[in-house]
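**Q** With chain A held as given, fit chain B onto it using these hints.
Protein chains in written order, with the numbering used here: chain A, 1 to 41; chain B, 42 to 419.
Hints may contain errors.
Simulated crosslink set (DSS-like; lysine-lysine; CA at most 25 angstroms straight-line) [said to hold, decoys possible]:
no. : chain 1 : residue 1 : chain 2 : residue 2
1   : A       : LYS31     : B       : LYS243
2   : A       : LYS31     : B       : LYS236
3   : B       : LYS236    : B       : LYS353
4   : B       : LYS236    : B       : LYS355
5   : A       : LYS10     : B       : LYS230
6   : A       : LYS35     : B       : LYS230
7   : A       : LYS35     : B       : LYS377
8   : B       : LYS355    : A       : LYS31
9   : B       : LYS320    : B       : LYS346
10  : B       : LYS243    : B       : LYS74
11  : A       : LYS31     : B       : LYS377
12  : A       : LYS35     : B       : LYS174
13  : B       : LYS174    : A       : LYS3
14  : A       : LYS31     : B       : LYS353
15  : B       : LYS243    : A       : LYS35
16  : A       : LYS31     : B       : LYS249
17  : B       : LYS353    : B       : LYS230
No wet-lab data here; the hints were simulated from the structure.
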Amino acid sequence: MIKTFLMALKLGLTGYFFLVGLLVMFFLFVKLLLKLFMRDK
Amino acid sequence: MLSELFSGILTLSWGNLVMIAVGALLIYLAIVKKYEPALLLPIGFGTILVNIPLSSAIDQMVGALQHRGVLSIFFDVGIATEIFPLLIFIAVGAMIDFTPLLENPVMFLFGAAAQFGIFGTMMVATLLGFDLKESASIGIIGAADGPTSIYVASRFARHMLGPISVAAYSYMSLVPIIQPPVIKALTSKKERMIKMQPMPCKIPRIVKIIFPICITIMASLLAPTSAALIGFLMFGNLLRECGVLEGLSKTAQSELANLVTILLGLTIASTMTADKFLKPQTLMILGLGLIAFVFDTAAGVLFAKFLNIFLKNKLNPMLGAAGISAFPMSARVIHKMGLQEDPTNFLLMYAAGANTAGQIGSVLAGGILISLIGGIRL
Chain A
1 MIKTFLMALK LGLTGYFFLV GLLVMFFLFV KLLLKLFMRD K
Chain B
42 MLSELFSGIL TLSWGNLVMI AVGALLIYLA IVKKYEPALL LPIGFGTILV NIPLSSAIDQ
102 MVGALQHRGV LSIFFDVGIA TEIFPLLIFI AVGAMIDFTP LLENPVMFLF GAAAQFGIFG
162 TMMVATLLGF DLKESASIGI IGAADGPTSI YVASRFARHM LGPISVAAYS YMSLVPIIQP
222 PVIKALTSKK ERMIKMQPMP CKIPRIVKII FPICITIMAS LLAPTSAALI GFLMFGNLLR
282 ECGVLEGLSK TAQSELANLV TILLGLTIAS TMTADKFLKP QTLMILGLGL IAFVFDTAAG
342 VLFAKFLNIF LKNKLNPMLG AAGISAFPMS ARVIHKMGLQ EDPTNFLLMY AAGANTAGQI
402 GSVLAGGILI SLIGGIRL
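Next up, chain B with everything else stripped away, as it sits in the complex:
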């Protein structure tokens, strides 16, 4: 009888202890280092919760009967069906102001170029022994966009969802550490000091309303698998820009975002069990995620330098690096780097344009990957 009462302690393994330490580390990073606390804290706490032996938070076999755990149920309802990441996209869309992008549409090109990390890392991952679907799921860490990473990984490699999510959110918060050395290695001081041409005049409201509708139609027609992703993102943006649904827009930006973030973080933690996480593969995924961010940054900068060969009014090549989706972190990093080189060089709005283009690019990249790889039988 006593052994049943103490069954939790008696079945505690080294794996459980290590994972509880991982959970505590994530909580530490969230609170002390402020690395994406909204996600890393729920993931960290959830990791502790699911690694308690016989935890009722996740599915357990009790004799011949399966006891359903609440986090496993959330996983089936929210992640396996892709509902949670899609709801987050409504919130993200409502938070994003595309005005800087509309004022400088050339920034769309950076939003495309800086997605190279996704595809480049996918190729590298296959060389490390991952199959195509796993490689695509690892590559999507380079989207620098948590919900897109979760969306793609939940389709292709659910067993790797934990490390992929942790890598995606951790590196997003490490953008201020990852991007500057790559940018400095690829640009000269003179290039970093390039000042941008003044922004054109005010964007009419009608353009801001037409934009999300038409982008959804065009993207969905050309890449139907991205319809849900881009559609939910742009729907959120339409709520923001339409001007008649302020209440819904604010709800999407605050209550919806916060509620789904809590559920998403805790639910992802249900995949962070010792048997799934403590593998050499996890270290490889974390390493490849870093490579993806470096590839993204390098591709954006090199593409901007390439464009400058043909342009009379040169673009600051650092803006290429803002084409990754880590919004608004990356834009702030580029702005700060510009100010370091020349205190009168204000790049924030241009970088924000490239950054929002990166958001659209990363979402489309997710849809394209699903379309290209989803149909392949391995």
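Only chain A is shown next, with the shape it has when bound in the complex:
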């Protein structure tokens, strides 16, 4: 059980921070899109 928990801990933290990284990338991407298409507004 402890081995499974440690594996879940490792995978869980990896997955969570990967997801956070992905959404931070989307945040930057949308910022860029807005900068490109809303320059004159």
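**A** Relative to the frame of chain A, chain B by itself:
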């Protein structure tokens, strides 16, 4: 001869009776309490249907021959192949307006932070004796997104699909009861009264069209297992935003959504048989599902408070809690809580932004879990 005619009554067990009562309870919750009626009512009725002894709705062995039941066939065609949840995603995508998120892209961060419940609950579940794949399937209840929960559970733990679906949809409708006490425990009145900066100007149509296409490409390249999930969601959104397919967009939002919801609900009920549902595990799954929602809410709020340490214009930390995917329920809850503290504080559009970010986050989390755990041999 008479025993054959009355075989249904003669083989009725306590398990069947309890499950028929569970089905009736789900119907009661759907009609009287209005808890996700579109899903809980078909699941409730289907539960009654499949717990009639020798029901022809599900597979039965008649002598040496297997009689195929319609709900079992639907399960093989729609759930085992993941078609039903994916079709629902087209409908969900067509219903979602990402404008509030595009106006406030910082809300993406809340959509990420509030997915902690998925991963945190997965860890807790392993401590209760569930294996990794079962734990991931239980954790995904924290996606606060029924189709994602069904999608992941159908891959990793089909035997637990019934309780996981019931937990996911029940807690989604209980968001107005689950979230406020957690938010109040983690924030002060002063924090809850923080007003947000005014929204920037109108988002051009071109941005709304590019957004679903580019998000699909980026997410699929980085997490290929999420390609189907995010792709179908964003395809639905593209139908909505392209401006030239209004008929298809409306069909996705109404006919497709309604038709697949009926089939999905009834089909999930095929897993709600007494032998699969009446186990101590079911209670654990329901308890862990609640923990997942609490973790999600707490992580979102705490992350917003963390961001506020660095920001000059403070964000209302309640918006962090809207980063869960229960759309639009969670956004409404946060808006209402904001109004309770200050009747001039309108948080709805900001909360809707965080909520739609949560929808994207939860779908990606499902794909990431499949990618991380799918390849592991237990």
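**Q** Take the hints in turn and mark each one as holding or not.
**A** Okay, the hints, checked on the actual structure:
1. Taken as a hint, the A/LYS31 and B/LYS243 pair is honoured in the structure, with Cα atoms around 14 angstroms apart against an allowance of 25 angstroms.
2. Annotation: proposed proximity of A/LYS31 to B/LYS236 holds, straight-line Cα distance about 22 angstroms (limit 25 angstroms).
3. A C-alpha spacing of about 13 angstroms is found between B/LYS236 and B/LYS353, which places the hinted pair at or below 25 angstroms, so the restraint holds.
4. Among the hinted pairs, B/LYS236 with B/LYS355 is consistent with the structure: their alpha-carbon atoms are about 8 angstroms apart, no more than 25 angstroms.
5. For the given pair, A/LYS10 sits about 37 angstroms from B/LYS230 by alpha-carbon distance, which is inconsistent with the 25 angstroms threshold.
6. Taking the CA atoms of A/LYS35 and B/LYS230, the gap is about 36 angstroms. The hint is violated against a cut of 25 angstroms.
7. For the hint linking A/LYS35 to B/LYS377, the alpha-carbon distance of about 33 angstroms lies beyond 25 angstroms, and the restraint is violated.
8. At roughly 19 angstroms between alpha-carbon atoms, B/LYS355 and A/LYS31 fall within 25 angstroms of each other, so this suggested pair holds.
9. A C-alpha spacing of about 40 angstroms is found between B/LYS320 and B/LYS346, which places the hinted pair above 25 angstroms, so the restraint is violated.
10. For the given pair, B/LYS243 sits about 38 angstroms from B/LYS74 by alpha-carbon distance, which is inconsistent with the 25 angstroms threshold.
11. Proximity of A/LYS31 to B/LYS377 is assessed by CA-CA distance (about 29 angstroms); at most 25 angstroms being required, the pair is judged violated.
12. Only pairs whose Cα atoms come within 25 angstroms are accepted, and A/LYS35 paired with B/LYS174 is rejected, the gap being roughly 42 angstroms.
13. For the hint pairing B/LYS174 with A/LYS3, the CA-to-CA distance comes to about 14 angstroms; that is within 25 angstroms, so the pair holds.
14. Of the supplied pair hints, the one linking A/LYS31 and B/LYS353 holds, its CA atoms being roughly 19 angstroms apart against a limit of 25 angstroms.
15. The suggested pairing of B/LYS243 with A/LYS35 holds, with an alpha-carbon distance near 13 angstroms, which does not exceed 25 angstroms.
16. Restraint check for A/LYS31 and B/LYS249: the C-alpha separation of about 13 angstroms stays at or below 25 angstroms, so the hint holds.
17. With a CA separation close to 19 angstroms, the supplied pair B/LYS353 and B/LYS230 stays within the 25 angstroms bound.
Comparing the model with each numbered hint stated earlier shows that hints 5, 6, 7, 9, 10, 11 and 12 do not hold.
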